[in-house]
Every structure is written in structure tokens, then in C-alpha cells.
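J.: Going left to right, the sequence shown walks through residues 1 to 646 as our numbering numbers them.
Note that these hints are calculated values from the structure, not bench results.
From the three backbone atoms N, C-alpha and C, an ideal C-beta is built for every residue, glycine too.
Treat the hints with care, since some could be wrong.
[Stated by the list, open to error] For each label pair, taking beta carbons as the anchor points, the in silico distance ranges come out as: (1) Arg606 <-> Gln510: 26 to 34 Å; (2) Ser260 <-> Asn3: 32 to 40 Å; (3) Lys476 <-> Val615: 25 to 33 Å.
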Amino acid sequence: MTNRTYTVVFQPSGLRGKVKDGATILEASIKLGAGIESVCGGKGTCGKCQVRIEEGYFAKYGISSSIASVKNTGEANQKFISKRQLKQGYRLSCQTRIYGDVVIFVPEKSRKGQQVIRKEITVRNIRLKPAVRKYPVELKPATLHDPIGDYERLQAELTRKYKLRNLSIDYPVLMKLQNTVRQSNWQVSVSVWNGKEIIDAAPNKTDKTYGLAVDIGTTTVAGYLCDLTNGDVLATASMMNPQVAYGEDVMSRIGYATKSKDGLKQMNRVIIKGLNEVAGEAASKAGIRRTEIIDMTVVGNTCMHHLFLNIDPQYLGKTPFSPSVHHSLDIKARDLGLRLAPGSYVHVLPIEAGFVGADNVGVLIAEEPYNQDEMLLIIDIGTNGELILGNRQKLLSTSCATGPAFEGAEIRHGMRAAPGAIEKVKIDPKTKEVQFRVIGSESWNTEVKNIGARGICGSGIFDVAAQMFLAGIIDKSGRFNMRIKSPRLRQSGKEQEFVIARAKETAINQDIVVCQRDIRAIQLAKGAMYSGAKMMMKRLDTKKIDRVILAGAFGSYIDKESAAVIGLFPDCAMENVIAVGNAAGDGACMALLDMRKRKKADIHAREVEYVELTVEPDFNTAFTKALNFPHAEDAFPHLKHLLPSN
């Protein structure tokens with residue numbers, strides 16, 4: 001070993017830091033709090049700590065990563081990992097040493113204290129009219145006097161009994177039809193899609209039909225398994241988007257798909273594999289087979305939409321940022337590589353424009369601003385922030401490149417939501433002492449001896465910035481106030497930092513701090529959101545917002561006062577700021593359960609006017625002013641009781 005250190009980045013947690021030359025990947029994970037499973041304690045005998053070494057240049061971190069950056073220390077890698085996987089970069093973390101900068105992906109099965117995916121949906125009243133309905137049919141057996149084909153016999157009975165006419169039939173269903181009707185004694189249950197096509201014929205055992213609504217987020221993927229006969233959500237399943245390994249935001253993924261050999265193919269393959277896993281997990285929880293899922297709806301931003309459909313996203317990153325297709329799509333699940341019911345369809349909701357994708361359309365049909373009189377601002381908080389402003393008179397939308405700061409990715413001790421992540425923070429304005437709470441514990445750090453903090457997640461980041469500002473630790477411009485006397489505020493090299501959690505309160509044996517660069521990253525993210533809202537307000541010639549809806553992966557978890565204090569959105573009465581959780585997922589469920597919502601999505605996606613911020617002449621000025629906490633000029637009468645007088 002030498003005294004050299006290397007940068008190590010763990011995905012999908014986003015945890016990163018420096019480790020010494022020759023440290024094992026497992027040692028690095030322990031130091032940085034990445035939490036890799038190691039049942040045998042690093043002896044190389046359990047094979048549970050498998051990770052994948054990523055290849056390529058990662059501009060976000062300014063490092064190149066390759067298998068050449070690590071070396072095996074024994075034969076355990078060959079024992080537990082196949083030759084094919086070894087070539088793909090898989091290694092046992094306890095048996096692999098680091099000798100260069102490296103990006104390491106930790107698979108779901110190898111994670112200790114797995115990510116907490118915050119993609120809960122809201123229970124809403126939905127009128128049922130699913131695209132797939134099941135019809136029990138009893139056919140008259142064929143005879144020498146009545147030898148009509150089984151398909152025609154089925155058609156005639158569906159017309160007679162249910163008034164269904166001119167139905168086509170899925171080819172694989174037709175191939176098995178004769179055996180199906182005879183083995184079921186001519187009593188079959190027929191699944192019809194959209195009143196147009198027979199997509200399944202099976203023995204008449206149950207009237208139950210199942211569908212899956214999926215939200216493909218830049219960072220997380222969530223699936224909601226629904227009973228199409230009564231609208232119940234039977235099970236949910238979620239995972240980190242496996243594409244995170246190729247880039248944390250949409251632009252980096254567009255770059256990877258465009259510049260890397262087979263980049264598009266790789267990212268499509270991993271998301272399809274991930275969706276099959278999500279579908280399988282949800283089905284298992286509900287006690288059914290994955291192949292019983294007969295319908296599926298999908299939402300996602302435009303980049304996720306294209307990668308899911310294996311469509312080259314390169315032109316999304318170039319002016320005029322046009323997508324391959326705007327309209328909704330209905331595609332056979334099998335054609336996409338999804339292993340659901342053989343004849344099932346996937347309905348992909350439409351895209352509005354540019355980076356405002358099907359996820360925003362999901363939010364649109366869930367919240368229905370087109371039916372409201374009040375001026376409504378909907379903020380979908382995520383790696384790619386999206387906003388909707390307006391009412392029944394007119395609706396605008398825009399997309400803000402917030403980056404992954406709110407996901408914890410651009411914060412020194414930031415991390416995604418997982419056990420040990422600081423999610424709630426309070427700072428005493430007088431003493432500057434800190435209280436915090438972590439995911440997985442209901443206690444505050446002041447109530448237990450060692451709370452085991454590992455980093456700061458999205459909701460905690462909002463609190464940290466707001467509390468530091470209200471306590472006077474940072475000023476309106478985001479600069480640290482070094483005149484304050486507190487052992488928590490200190491100079492570290494050329495940068496100031498404030499200690500949130502002391503080493504003895506953490507699971508990583510080092511102070512968890514917030515530095516000047518962290519504050520700047522938060523300012524850039526929130527400034528993008530605020531200025532986007534202001535540009536739309538200017539377009540609509542409105543000075544006032546009646547209601548703010550916070551949506552997104554952790555919209556329900558952030559403190560709305562913290563969001564208001566840092567200036568995530570223009571002034572609004574706190575009682576009219578509402579967190580609704582994953583509204584995009586809600587919209588996907590509604591479209592799954594009610595075909596009329598699919599039609600609404602197509603209509604209103606075309607009616608919404610998209611505001612391209614990059615060509616707005618006043619955007620740069622508005623953005624600069626929005627960097628201040630909460631804003632350089634705008635008044636916040638509803639926050640008067642909270643904000644510093646100066």
C-alpha cells in the first residue's frame with residue numbers, strides 16, 4: 001500500500017469519497033456507509049457482497065472507471081461469479097482491492113439496508129372502465145351439422161351475448177384456441193382489449209383481471225398492481241432505476257446512449273429487466289403469477305420514455321428538443337420484452353413537449369387543473385423538475401434542470417432515502433445546536449446515544465438549508481456567516497462547513513457536514529424551480545398563486561415550510577400548500593383503471609402550452625434573483641413570521 005487515495009463512487013446510493021490505495025471495496029463501503037451485505041464478515045465464503053465495476057468516463061465526478069482500477073485478492077471471485085459476469089465487471093467486494101478511481105454499482109441483492117423508495121400513491125375515487133374486460137362464454141360444441149370455426153363460433157357468441165362485434169384475435173391465442181375450448185368443455189373466459197381484440201381465452205375459472213401501473217422515474221421505478229374488477233391496489237413494488245449506473249440525470253443518460261457503443265441497448269435492457277422484476281415482485285405479493293397481468297400503463301419523463309421504448313434519445317438533447325413521438329402508444333408487452341400475459345398490451349401515456357413527458361401527463365390527469373378555477377401551481381420534485389401552472393382557462397408547463405441535488409447526489413454527505421439517512425433537521429437559532437432524525441428511527445439524535453446517521457437525503461436537505469438560513473448560519477445569498485461563534489461552524493481548507501452530525505452520532509465514524517458547495521447546489525436546484533414558476537406566471541399575467549401542490553418521489557416527506565423558506569416556489573398561504581406524493585403514479589393507476597382517463601390524457605397533453613425556459617429572454621435574470629433565500633426581491637407575506645427581519 002501507498003499513501004495515495006482514490007475517488008470511489010457507489011451507485012445507486014450516490015455515496016462517494018476518498019479511500020486509501022489497496023483498500024477493499026467492502027472496506028470502502030463501510031467507510032462511506034454504502035452498506036454492502038457481507039454475511040461472512042469479508043472472508044470471501046458467502047458470495048453475498050457482489051458488485052459491478054462500471055466502465056467509462058463519468059463527467060459528473062471527473063473520473064474514469066474501469067476493471068483495471070481494481071485487483072482480485074484470491075480465488076473466491078472465480079468460485080462465486082461466472083466467467084461471463086467477471087467479464088461484465090462483477091466482483092466480490094471483500095476480495096477486490098482498489099488501485100484507481102472507480103465507480104461501483106451495488107446490485108439490489110447485495111445491499112444492506114436497501115433503499116427506501118418513496119413512491120406511495122394517493123387513494124382516489126376512480127370510476128372503473130378498464131381497457132381489458134373478461135367475458136364468460138359457453139359455446140355450443142362443433143358438430144358435423146355445425147362445423148363452423150371455433151374463432152367464428154366465439155365471435156358469434158360474444159356478439160349475441162355482449163354485443164361485441166368485429167373482434168380481431170391475438171395470433172398466439174388463435175393458435176391455442178381449439179385446444180382451449182375443448183379442454184375447458186366449451187366454457188371459456190375471454191379477455192377483450194379496448195372492445196377490439198381478443199387477447200386471451202382460458203378455462204372459465206375466475207372473473208378477476210389484473211393490471212400494472214408503472215412510473216419510470218429517473219432515479220426510482222415503482223409499480224402498482226391493481227384489480228381491474230374493483231379498482232383495489234393489491235400490491236406495490238419498487239426499485240432504484242438500474243440506469244442510474246449510466247448517469248444520474250437525463251442529460252448524462254442521453255450522452256451515454258449517444259456516445260457509448262451499445263449505450264441505448266444497454267439502458268433499454270436493464271430497464272426492461274428491472275420492470276420484469278417489479279412486475280414479478282408485485283405479483284408475488286398479491287399471490288398471483290406475473291403472467292396473469294393482462295394490462296399495463298407506463299409514465300415517465302421523455303428520456304425515460306424513449307429509453308424504455310428503445311428509441312434513440314439523442315435529439316432530446318439538441319434544439320428544438322423534439323421527441324420521437326408525442327401521442328400515446330399501445331404496444332404488445334411481449335414486443336417490449338416484458339413477460340406479462342402473452343397477449344397483453346402496454347399503454348404509454350403521451351408526451352407534452354421536450355423534457356415534459358408522460359409523467360407530467362400522469363400528474364395532469366390525477367390533479368385535473370383543467371377543471372379548476374383557482375390558479376394552481378403543481379411542482380413535481382425530482383431529478384428532472386416539472387411544473388404546471390394555470391386553471392381551466394389556460395395551462396402552461398415547463399421543465400427545470402434541477403439536477404440530482406434534491407436526491408442527495410450533489411451534496412458532499414448526500415444520499416438517497418435509505419436507513420440511516422438524515423430526513424428531518426432542527427437548528428436552535430440561539431445555540432446553533434442540531435437535532436435530527438434518520439430514516440428507520442422515530443427518535444431524535446438527542447434521545448439516543450448513537451443514532452447511526454449515514455448521510456442526508458432529500459427531505460433532510462430541504463430542512464438543512466432552511467434551518468441554517470433561519471438560524472443565521474448562512475445569509476440570503478447562501479454565504480456562511482463566519483462571525484457566528486459555534487464549534488459546529490468551521491473552516492476546512494479553503495471552504496467553510498457546518499457540522500450536522502458529529503462522528504459519534506454516525507455509522508461512518510466521521511462528521512456529517514454541509515459545506516458551501518452543498519448550499520450552492522441547493523440554490524441552483526431551487527432557483528431553477530422558482531424561476532420556472534415565475535416565467536409561467538409572467539406568461540399568464542398573474543401575480544398570485546392560490547394553491548401549490550408538491551408532487552414527486554418525496555413530495556409527501558418534505559416540510560412545506562422548509563420548501564417555502566428556501567424559495568422553492570413563490571409566496572402562497574401555507575394551508576394551501578399540499579403534498580400529494582407520487583401524482584404521476586396516481587395518473588398511471590387512473591389510466592389503468594379508466595380508459596376515459598387515457599382519452600383525457602391525449603386531449604389535455606395537446607392543450608397544455610410548453611414554455612421553453614432556455615429561450616425566454618428574462619430567464620437568466622429571473623434565475624439569478626431566485627438563487628437567494630428565499631428570493632432577492634419578491635415579498636413573502638405568508639412567511640413574515642418566520643423570515644429574518646433583515
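J.: With reference to the structure, classify each hint as holding or not holding.
T.: Taking the hints in turn, this is what the structure says about them:
1. The hinted window of 26 to 34 Å between Arg606 and Gln510 is violated, with their beta carbons roughly 53 Å apart.
2. Distance hint check for Ser260 and Asn3: the Cβ-Cβ separation is about 34 Å, which falls inside the suggested range of 32 to 40 Å.
3. With their beta carbons about 29 Å apart, Lys476 and Val615 fall inside the hinted range of 25 to 33 Å.
Of the numbered hints listed earlier, the single one contradicted by the structure is hint 1.
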